[in-house]
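These protein sequence lines map, in sequence, to chains A, B and C. Going by the working numbering, 255 is the number at position 255 of the first sequence; the sequence numbering is gapless. Going by the working numbering, 241 is the number at position 241 of the second sequence; the sequence numbering is gapless. Going by the working numbering, 105 is the number at position 105 of the third sequence; the sequence numbering is gapless.
Hint data in this document are derived by calculation from the structure and do not stem from the laboratory. The reader is advised that the hints may include incorrect statements.
Unchecked claim - Facing chain C, from chain A, some residues (calculated, C-beta under 8 Å): (1) I26; (2) L149; (3) I264.
What the hints assert, rightly or not - Each computed DSS-like pair below joins lysine-lysine, with the alpha-carbon atoms no more than 25 Å apart: (4) K190/A with K207/A; (5) K16/B with K91/B; (6) K58/C with K47/C; (7) K27/B with K241/C; (8) K68/B with K16/B; (9) K127/B with K77/B; (10) K58/C with K95/B; (11) K91/B with K131/B; (12) K47/C with K68/B; (13) K27/B with K6/B; (14) K91/B with K47/C.
Yeah, the Cβ is synthetic: ideal placement off N, Cα and C, and Gly gets one too.
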Amino acid sequence: MNRTVRKLFSNASSLVGIVLLFIFIIIALFAPIIAPPLSDNPYQVPRMSWDVNPQPPGFPISDDIREVYDFMGTEIKYDKAICGTAEGGYDIFYGLIWGTRTAFKIGLITVTVAGFIGVFIGSISAYFGGWIDEGLMRITDIFLSFPFLVAAMVLTTILGRGLDKVMIALIVFGWMGYARLIRGSILSAKEETYVMAAKALGVKDIKIIWKHLLPNTIFPVMVQGTMSIGSMVITAAALSFLGVGAPVGYADWGQMVSFARNWIIGAPGHAGQYWYTVLYPGIFIVLFVLAWNLIGDTLRDILDPRLRGEL
Amino acid sequence: MIINNKEPLLEVIDLKTYFFTEEGVVKAVDGVDFEVYQGETLGIVGESGCGKSVTAFSIMRLLDYPGKTVGGKIVFKGYNLLEKSDDEMRKVRGKDIAMIFQEPMTALNPVLTVGFQISEALMMHFKIGKKEAINKSVELLKKVEIPMPEERANEYPHQLSGGMRQRAMIAMAMSCDPVLLIADEPTTALDVTIQAQILDLMRTLLREFNGSLIMITHDLGVIAEIADRIAIMYAGKIVEYANKRTIFYSPLHPYTFGLLTSIPRLDLEMKRLNVIPGVVPNPLHFPEGCKFNPRCSFVTDRCKEEEPQLIEVEEGHLVRCWNIDKVAQEVKKGLLVGV
Amino acid sequence: MLAYIIRRFLLLPIIILGVTFLIFCVFSLLSPMERLATYIHDPSTLKNPQSVERLINKYHLDDPFPLGYINWLKRIVRLDLGWSQTANQSVWDAICQRFPATLELVLYSIIPVILVGIWLGVISAVHHNDMLDQTIRVTAIIGWSLPTFVFGLLVLFIFYGILDWLPPGRLSSWAQDIVYASSNFHSYTHLITIDALLNGNISIFLDALRHLIAPIITLSYISWAFLLRITRSSMLDTLRKDYVRTARSKGVDEHTVIHLHAKRNALIPVITVAGMMIIGMLGGVMITETIFTYPGLGFWAATAAQQLDSGSVISFALLFATLMIVGNLIVDISYALIDPRVRLE
């Protein structure tokens, strides 16, 4: 374990990943200070104007909005859209800062839950073998028959919008990789002497899986988990982009990008005037995903030097 | 069986092959000299990592990155192989000098048929058609005593047994009637009974085409069966070089002595098997002086300071040791009482 | 080989049945009323309680689950997939009409990647050097971290917004007039680039191509990074193998060593990745087509999802799942074809 940590810190690319991740953690932790919420629900991005057109960076809060807050007695803690506003006057900067929390929430929760489900199914399948294995693996195949984004889109269309629905969709179609991975490792570990010995001693099945097999096979699953946090966040953002993800106005990077969709070309004669609507959210998503991928890539090298260079 | 009045077929002079790794330069082969005459078998013996395989790959010029031959000469039929162009070298490989590898499973290409792999060299070097080449490879398979050669030629390596694969490998190496065959641990991966068959086959074929063989192995049993002369290698250098009888009955290097007393023998009464203490030194950090000194039971202060030269103690017997006299006494005693 | 393929074909109906079952489970989360909405043409029918009840009975929407599944399956087999409000035509017609556009996009994305990507991967492995190694590694990770929708918007921003080179859509309006309205233009394949060539109309061909370039780049940039890297590392791995050395020891020339002895083996792991790549592209089709308003299946499905047209979305998922299953089958069979160890098992 020590060796792993040392390698993570001595490798240039994973070091970049760690620094990036650290910055994002800081942003997520201090979100209420960096971008103080203006309403009870901090994940609701405040609007800086009622105008549908995006407004450039430095745009001051419009008078009619200021009036509303004054009327409600809310103190306006900042009055400039540092990164501009998206379509409908939504403040991009606020969305980015609180969107960091959304990204962590999506990434960590979906990967953890999907990982647990996958490990559960995979280890049962591998340990008992026979018909249980055959049945569970065919079910896994069926779930794997859908392109991930398409499957998640179907489920969110049926369930309706909302971050919780997005996460459910990502989990329902996100556990299969872990199941296959852990099944493979357990199948090979099962033949090891220490498992044979435990079996011969009459140790209970559950205990063998829990005490002997999982600790020796879980590391690849964890690496896989790290690697897929990025793709989970991308898929959630893609759902928002397609208009079936987080509700309108929710602090979510995917939605910030989707706000840019209609404006990206710019007004006639002013090509590219709304560059900020895609650039800032784009940078946040890319860096966040990159951070996890860099760390995951190094972890995999450490895990299996033979895999070096394969994605 | 040294034929003094004859020019050697292959002469390796002061060969130096280094590996330029990230951790430093590994001197895998560091100044090796030997020669091979027509029709004879030279055995190169040593533990793994002593540089014996690297010597073979240097002769074939098949070193992988980051290995490089940095000095010396490899004179074959009067020409220095190291000075040949890549194209000229390609014409030597397979045609004049062929090679047999240790692990026939990995040395044969899994996606090509055995017949194709044998016929390839034939088509390459003799510019013959595919059909003729295939026919010839079936003949070769028959020659190496593979049953049903016609069917085998169409099969893939994984369909053959281990011994069968090595036979196919031999057929492949013999396909263009090479004058020199280099066999790198050809029997190590095989069962003992199959080992004997393969050795028999190699001996028969060698006699037939009067070719020379360099047999590389860590197994003195194999060497005892097949070699005429033997070079013992340790840490990239030859430590003893003599004919088979001398090596087995009057070795003068402590390492050779150690190797000999570590194998069970039927012709001598032995109380127990000897073990050479310690391990092969890390090639990045060879010891000062004689490289064998940390493991040697005859070690003196001089051994730790100064590296001995390979000196000719008698006609055709070269040893690299400061304490030849002591060893000679011990050998006499050891062999008499059986250690 | 035969046993292997037979097993794969026997599993095929089981997997497809499982896929339909899974979709039906998801579909059943909707109330009978909502499901009814996927079959009727005129939304106002839903306002009349009597006709709703009659229609629910007609389509067996309140049957118990197993019976409902069987009825639904029967309709699927008859290709009666319901009515797409989004496209204002039956779902099957909507699919048939949009399929060629998506096919054209996917084909043009996959074929160059596989042909050129593998070639580049092999080349870069043979001319092994550290700089290139690092560049490819970093490019692949960055490409992997750059979501399609961000990349696509950037492409649109630069090549259409600023440079005005690569417009969105599938054809310019003048070309549309010719392709869809003119009697001189015959649609043989419905792949416009190919039809244009068959009709001998170069300007239409160029126009279609101009509209295709940006979506192709967006859809395939990840695959390029991915395939190049895998081919390269697999090739590097293979070039170090004993049998490559054996081939050289026989005096085989370098070209044969690389393209016969090494490449055949190096391609075996690449096949898996190519399969994964095609799957990834199927997912990316929705986003790419949405960004470039390219009138294919993905654009339609994304619009349908936004408008909660669940019948269309479900049929789209069913279609793509089927494509994926077929794709996986092809991958598995090509595995067997290239690797005798699998073929002769």
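Okay, the hints, checked on the actual structure:
| no. | hint | verdict |
| --- | --- | --- |
| 1 | I26 | violated (20 Å) |
| 2 | L149 | holds (4 Å) |
| 3 | I264 | holds (5 Å) |
| 4 | K190/A with K207/A | holds (13 Å) |
| 5 | K16/B with K91/B | holds (24 Å) |
| 6 | K58/C with K47/C | holds (17 Å) |
| 7 | K27/B with K241/C | holds (23 Å) |
| 8 | K68/B with K16/B | holds (9 Å) |
| 9 | K127/B with K77/B | holds (23 Å) |
| 10 | K58/C with K95/B | violated (82 Å) |
| 11 | K91/B with K131/B | holds (22 Å) |
| 12 | K47/C with K68/B | violated (85 Å) |
| 13 | K27/B with K6/B | violated (32 Å) |
| 14 | K91/B with K47/C | violated (88 Å) |
In this structure, the earlier hints numbered 1, 10, 12, 13 and 14 are contradicted, and the remaining ones agree with it.
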